[in-house]
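Start from the sequences, fold in the hints, and give me the full structure.
Note that the protein sequences, when read in sequence, are chains Y and L.
Every letter in the first sequence is one number past the one before it in our numbering, and letter 108, counting from 1, is 108.
Every letter in the second sequence is one number past the one before it in our numbering, and letter 149, counting from 1, is 149.
Don't read these hints as lab results, they were simulated from the structure.
Heads up, the beta-carbon is just placed ideally off N, CA and C, and yes, glycines get one too.
Keep in mind that the hints are not guaranteed to be accurate.
Claimed, not checked - Only pairs whose alpha carbons sit at most 27 Å apart, straight line, appear in this in silico DSSO-like list of lysine-lysine:
1) Y:Lys112 x Y:Lys241
2) Y:Lys191 x Y:Lys205
3) Y:Lys128 x Y:Lys205
4) Y:Lys115 x Y:Lys235
5) L:Lys6 x L:Lys97
6) Y:Lys105 x Y:Lys158
7) Y:Lys199 x Y:Lys61
8) L:Lys4 x L:Lys62
9) Y:Lys131 x Y:Lys76
10) Y:Lys52 x L:Lys97
11) Y:Lys105 x Y:Lys115
12) L:Lys97 x Y:Lys61
13) Y:Lys199 x Y:Lys241
14) Y:Lys105 x L:Lys97
15) Y:Lys34 x Y:Lys61
16) Y:Lys246 x Y:Lys131
17) Y:Lys246 x Y:Lys76
18) Y:Lys131 x Y:Lys52
19) L:Lys37 x Y:Lys179
20) Y:Lys34 x L:Lys37
21) L:Lys97 x Y:Lys34
22) L:Lys37 x Y:Lys61
23) Y:Lys199 x Y:Lys115
24) Y:Lys235 x Y:Lys112
25) L:Lys97 x Y:Lys179
26) Y:Lys52 x Y:Lys205
27) Y:Lys77 x Y:Lys105
28) L:Lys97 x Y:Lys95
29) Y:Lys32 x L:Lys97
30) Y:Lys76 x Y:Lys128
31) Y:Lys40 x L:Lys97
32) Y:Lys246 x Y:Lys112
33) Y:Lys158 x Y:Lys61
34) L:Lys37 x Y:Lys40
35) L:Lys6 x Y:Lys235
Said to hold, decoys possible - Over 12 Å on every C-beta distance to chain L, these chain Y residues come out as not near it, computed from the model:
36) Lys32
37) Ser90
38) Glu168
39) Glu213
40) Glu249
For reference, the chains in residue letters:
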Amino acid sequence: MNTNGNTYTIIYSTIVVVLVAAILAFAAMALKPKQEANVKAEAIREMLTATKGYEMESLGKMGNDDILAEYSNNIKKALVVNAEGQVIDSLSISKHEIYTESDLKEQNNLIKSGKTSSLRLPVFIFNKGGKEVTVIPCYGAGLWGPIWGYLAFDDDFKTFAGAYFDHESETPGLGAKIKDDPDFRAQFEGKSADFGVTKIFSIVKGGAPKDQENAIDAITGATMTSRGLDAAINKWLAAYKPYFIKAQENARALAQVADTLDSCNSDNTIIAAASAASAK
Amino acid sequence: MNAKLKETILTPLSMGNPITVLVLGICSALAVTVQLKGAMVMGLSVMVVTGMSSFVVSMMRKTIPNRVRIIIQLVVVSLMVILVDQLLKAYSYGIEKQLSVYVGLIITNCIVMGRIEAFGLANKPVLSLLDGISNGAGYAIILIVVAFFRELLGSGTLFGIQIIPQAFYNAGYMNNGLVILPPMALILLGCIVWVQRSIQKELQEK
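See the structure below:
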């Protein structure tokens, strides 16, 4: 058979291409549920690590089912808020509804293009030793590809409980340190976001001033990644700002009520003591 | 036959090493050698891809139209690379995340195409499979050697474990930032070629 004829060449190429396409389509379809479960479990791992209740290493050893169970045990509620800070929806906890990287990308595009009216931002509220920890995501561009992460806040809605970041293709040993270097993440703990100013949080090249509450040190040798992360955090915190301002007011009001209750209680004891004394 | 088998398996590891002698696949050798773990998985992936693509192309070798053979080879290589990537994504997600970009780059790795052209098209499938795996191994060895020095000198770690003691740093020792950057990988690679050529004198040009 002449394998160099035009007809043969065209038919041969067509068959090979169709065959390869079929194999790939089949593989993609067959593996998709497993891959999606992996992506979801990874996002949950990252959120749990951000709350500081877990170490990424031990979570990495747990299977996807265990991760989902761990999520159900720790999550208190998962909300969706809009750009005005109003709660417009909630995510199903029993179905482990979360935002994966592609969902974050979609929201990021809305924030970037200024279409804030259609924003649907997720807020995850975890239970950590009786205290509420609020986790929100952030997403942006690093040096080579997207970077994203989760910021965890204490119940005063401004102090960081922790943070976790991930990236698609930052340079190993340099930009990849946003994920790999625990010391970088640890800087967030105890620092706070300042919603009163335009620059809500800063990652400062050459070292943050010691007395600045809303700044941390950038990574040496990873200027672009640090800058990208700084921009991502600020952009997303700005989008969440209305929600956080309201939450801070509520937290303050609650604290006041608690104070009044406390003083009422002590009043009651005095009254009780007084009536006991008068009864004698 | 036995002599040929032995030659097929052993040559790529020393006298015909794809990186140091044939100087193929340099680009990825520079990109993934910052850390040992990544270098190892990359080496393993290349072994699988070169072996499997050589095997498949060798099975098809008598039917491939000569004029479009490079394209057909490329299609087969892409198929293998995407399959490896998809499988890693489903069953070894953590490692896939580290290597995502580089795995895709295997498609353009000259070693894979080079071996198919030079060996797969002219030999039986099983022998081609062995040749592919062996060339992948030759690539992996060099990657691991380069990554060893780069991770040790650049980050003071091996497989992410701190090797250089804190006392050294306290005494003023610093990680070498230059080693992390690609140019230093090229210099290290040059040193390896130098060492190999001074041992194996046959490689030196007259």
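Structure-based check of each hint:
no.: 1; hint: Y:Lys112 x Y:Lys241; verdict: holds (16 Å)
no.: 2; hint: Y:Lys191 x Y:Lys205; verdict: holds (17 Å)
no.: 3; hint: Y:Lys128 x Y:Lys205; verdict: violated (33 Å)
no.: 4; hint: Y:Lys115 x Y:Lys235; verdict: holds (14 Å)
no.: 5; hint: L:Lys6 x L:Lys97; verdict: violated (37 Å)
no.: 6; hint: Y:Lys105 x Y:Lys158; verdict: holds (24 Å)
no.: 7; hint: Y:Lys199 x Y:Lys61; verdict: violated (38 Å)
no.: 8; hint: L:Lys4 x L:Lys62; verdict: holds (22 Å)
no.: 9; hint: Y:Lys131 x Y:Lys76; verdict: holds (10 Å)
no.: 10; hint: Y:Lys52 x L:Lys97; verdict: holds (22 Å)
no.: 11; hint: Y:Lys105 x Y:Lys115; verdict: holds (14 Å)
no.: 12; hint: L:Lys97 x Y:Lys61; verdict: holds (16 Å)
no.: 13; hint: Y:Lys199 x Y:Lys241; verdict: holds (12 Å)
no.: 14; hint: Y:Lys105 x L:Lys97; verdict: holds (17 Å)
no.: 15; hint: Y:Lys34 x Y:Lys61; verdict: holds (17 Å)
no.: 16; hint: Y:Lys246 x Y:Lys131; verdict: holds (19 Å)
no.: 17; hint: Y:Lys246 x Y:Lys76; verdict: holds (19 Å)
no.: 18; hint: Y:Lys131 x Y:Lys52; verdict: holds (12 Å)
no.: 19; hint: L:Lys37 x Y:Lys179; verdict: holds (16 Å)
no.: 20; hint: Y:Lys34 x L:Lys37; verdict: holds (24 Å)
no.: 21; hint: L:Lys97 x Y:Lys34; verdict: holds (15 Å)
no.: 22; hint: L:Lys37 x Y:Lys61; verdict: holds (17 Å)
no.: 23; hint: Y:Lys199 x Y:Lys115; verdict: holds (21 Å)
no.: 24; hint: Y:Lys235 x Y:Lys112; verdict: holds (8 Å)
no.: 25; hint: L:Lys97 x Y:Lys179; verdict: holds (12 Å)
no.: 26; hint: Y:Lys52 x Y:Lys205; verdict: holds (25 Å)
no.: 27; hint: Y:Lys77 x Y:Lys105; verdict: holds (23 Å)
no.: 28; hint: L:Lys97 x Y:Lys95; verdict: holds (25 Å)
no.: 29; hint: Y:Lys32 x L:Lys97; verdict: holds (16 Å)
no.: 30; hint: Y:Lys76 x Y:Lys128; verdict: holds (10 Å)
no.: 31; hint: Y:Lys40 x L:Lys97; verdict: holds (14 Å)
no.: 32; hint: Y:Lys246 x Y:Lys112; verdict: holds (23 Å)
no.: 33; hint: Y:Lys158 x Y:Lys61; verdict: violated (32 Å)
no.: 34; hint: L:Lys37 x Y:Lys40; verdict: holds (24 Å)
no.: 35; hint: L:Lys6 x Y:Lys235; verdict: violated (61 Å)
no.: 36; hint: Lys32; verdict: violated (8 Å)
no.: 37; hint: Ser90; verdict: holds (28 Å)
no.: 38; hint: Glu168; verdict: violated (7 Å)
no.: 39; hint: Glu213; verdict: holds (29 Å)
no.: 40; hint: Glu249; verdict: holds (40 Å)
Going through the hint list in order, the structure does not satisfy hints 3, 5, 7, 33, 35, 36 and 38.
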